[in-house]
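In case you want the letters, here they are:
There are 2 protein chains.
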Amino acid sequence: MRGRRCDHSQVETDTDTDSDTETMRCISCKEEYGTIDAGTCKECYEEASETEEELKREIEDLKAKVAFLRFWSQLDHHHSNRSFGPCFTDVVLVASSDTGSTGSPVPVPANKAVLASRSPVFKAMLENEMEESRSGTIKISDVSYDALRAFVNYLYTAEACLDEQLACDLLVLAEKYQVKHLKGYCEKFLVSKLNWDNSVPSYAFAHQHNAKHMLDAALSLIIDNMDKLTKREEYMELVERDPRLVVEIYEAYLSKQVNTAAQRVLP
Amino acid sequence: MRGRRCDHSQVETDTDTDSDTETMRCISCKEEYGTIDAGTCKECYEEASETEEELKREIEDLKAKVAFLRFWSQLDHHHSNRSFGPCFTDVVLVASSDTGSTGSPVPVPANKAVLASRSPVFKAMLENEMEESRSGTIKISDVSYDALRAFVNYLYTAEACLDEQLACDLLVLAEKYQVKHLKGYCEKFLVSKLNWDNSVPSYAFAHQHNAKHMLDAALSLIIDNMDKLTKREEYMELVERDPRLVVEIYEAYLSKQVNTAAQRVLP
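So the protein sequences, as listed, match chains A and B.
Anchor point for the first sequence: position 88 equals 88 in UniProt numbering, and the numbering is continuous, going up by one each time.
Anchor point for the second sequence: position 170 equals 170 in UniProt numbering, and the numbering is continuous, going up by one each time.
Think of the hints as simulated: they come from the structure by calculation, not from any bench.
Because the structure is a prediction, the values reported are computed rather than measured.
C-beta atoms are modelled at their ideal positions from N, C-alpha and C, and glycine is treated no differently.
Honestly, I wouldn't trust all of these hints.
Unchecked claim - Here are the simulated SDA-like pairs of lysine to any residue, each with C-alpha atoms no more than 20 Å apart in a straight line: (1) K56/B x E54/A; (2) K56/B x V66/A; (3) K56/A x K212/B; (4) K212/B x R232/B; (5) K42/B x T51/A; (6) K188/B x F68/A; (7) K212/B x D61/A; (8) K42/A x Y33/B; (9) K65/A x K256/B; (10) K188/A x E237/A; (11) K180/A x E58/B; (12) K42/B x A158/A; (13) K63/B x A160/A; (14) K212/B x K256/B; (15) K63/B x H181/A; (16) K188/A x E53/B; (17) K180/B x A64/A; (18) K65/B x P120/A; (19) K212/B x G184/B; (20) K212/A x A64/B; (21) K65/A x D61/B; (22) K30/A x I36/B; (23) K180/A x F68/B; (24) K30/B x F68/A; (25) K188/B x E175/B; (26) K42/A x C29/B; (27) K42/B x A160/A; (28) K212/B x N198/B; (29) K188/A x T23/B; (30) K56/A x I59/B; (31) K63/A x K30/B; (32) K188/B x V66/A.
What the hints assert, rightly or not - Examples of chain A residues lying across from chain B (beta carbon under 8 Å, computed): (33) A38; (34) C44; (35) T51; (36) L55; (37) I59; (38) K63; (39) F88; (40) A113.
With these hints in hand, go ahead and build the complete structure from the sequences.
Structure below.
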């Protein structure tokens, strides 16, 4: 790691050995090195250190800005069983497939201005005096209460504590309500969890929800293991369910082979 | 600047000259240098470059987060003379000293949830069913319409286009409504504009509005120019208006002299 500074007496001429082999002391790690392992001159080192300090200051400034802009969310203390208290909400979201413990769905309170600010879909819905705007209730189908709560919380705070299931659920909501930042966040998380075992379902999921980055990563992983692909159960299921997606895998594989062959021919 | 990379053939032994003086080529600036100007070893250079790339990625992520969290403000298009359109506002702020062109003050629309999220003073005011919450009108005294508009816009977006007058006006509002982030932003701007000519009024202003960072900077500038202080008109005005502040300047000056003397005595 950088940041360790030393005084400027870094040059130590090794007078005991061969006269044309000098060793120097690195300003950063303070280890001795010979010319073959030389990196930068002193001026560039100092410049780079300044740049690093500037970048760190910029990060601090941006973090403070994020903390300021992060919206106070009435959902933050949900698990503490405290009553919400006044929080200026003017709309509720309801997971229409979720029936909660009492038989009727648990509403997630929110603020029209926040929803409209984060999602062009909510904005159009709420500005245009549609049913949702009049009733003050937005029904959201095929989502659990927990995913809906995490979704609204993200709109307030730009934060979510993801696992793979939640990341999938939130990606679907982010795609549906055009919340690009959340979609990118979920995609990044899911790509980091990609492995051979989940590559085929991940590929199909990414395809279905228009997650380009995840699609490319999953496809690349599949193509690198084509010899094992056809034996997999998920592969056979996909052939049954959506053969066009399987065709796209073969097309990508073929395209890669052609490119590789072309590169071999080139000088 | 960093970022210029080269191949790894950076070592060039200067065989024409004295055998114990080698020159190397800096990986960063590609200039030749001798051992006396050596900076870091190659490993540390590569590590530092990686660190720099990581910091830059973090900055990009944070910038995207800021853009996501920045609130859509109904004031953004004010100067384009477009009508505001629906923007889910539920409260107006009125500059009570400003009478606008029609004789009655021009209200600045806002959202209770945004105000409460950014300022603990607004939060308490709006949660506790005070006059402002019931009437939906918050009167703000001793402020111009332009400053109030910039204030509300900052609460939405964390952005303001400052000049010195506006920075002072916003600092006063930020102090009054406890919007720390805005106060720090204004203080930083005003400190960057500090000079000998404005140092005394800046010092008095910082004192009045509890701007510690600005106060220290102005005081330090004044103390460094004590020989010229008493001739200044602003000094004489300050002696008339608030002699305690002048006493504090002399106390700080004395304290600095004592410290300097003590340091001279120490080995």
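**Prompt:** Taking each numbered hint in turn, which are not upheld by the structure, reported in ascending numerical order?
**Reply:** Checked against the structure, the hints that fail are numbers 3, 4, 9, 10, 12, 24, 27, 29 and 31, while the rest are satisfied.
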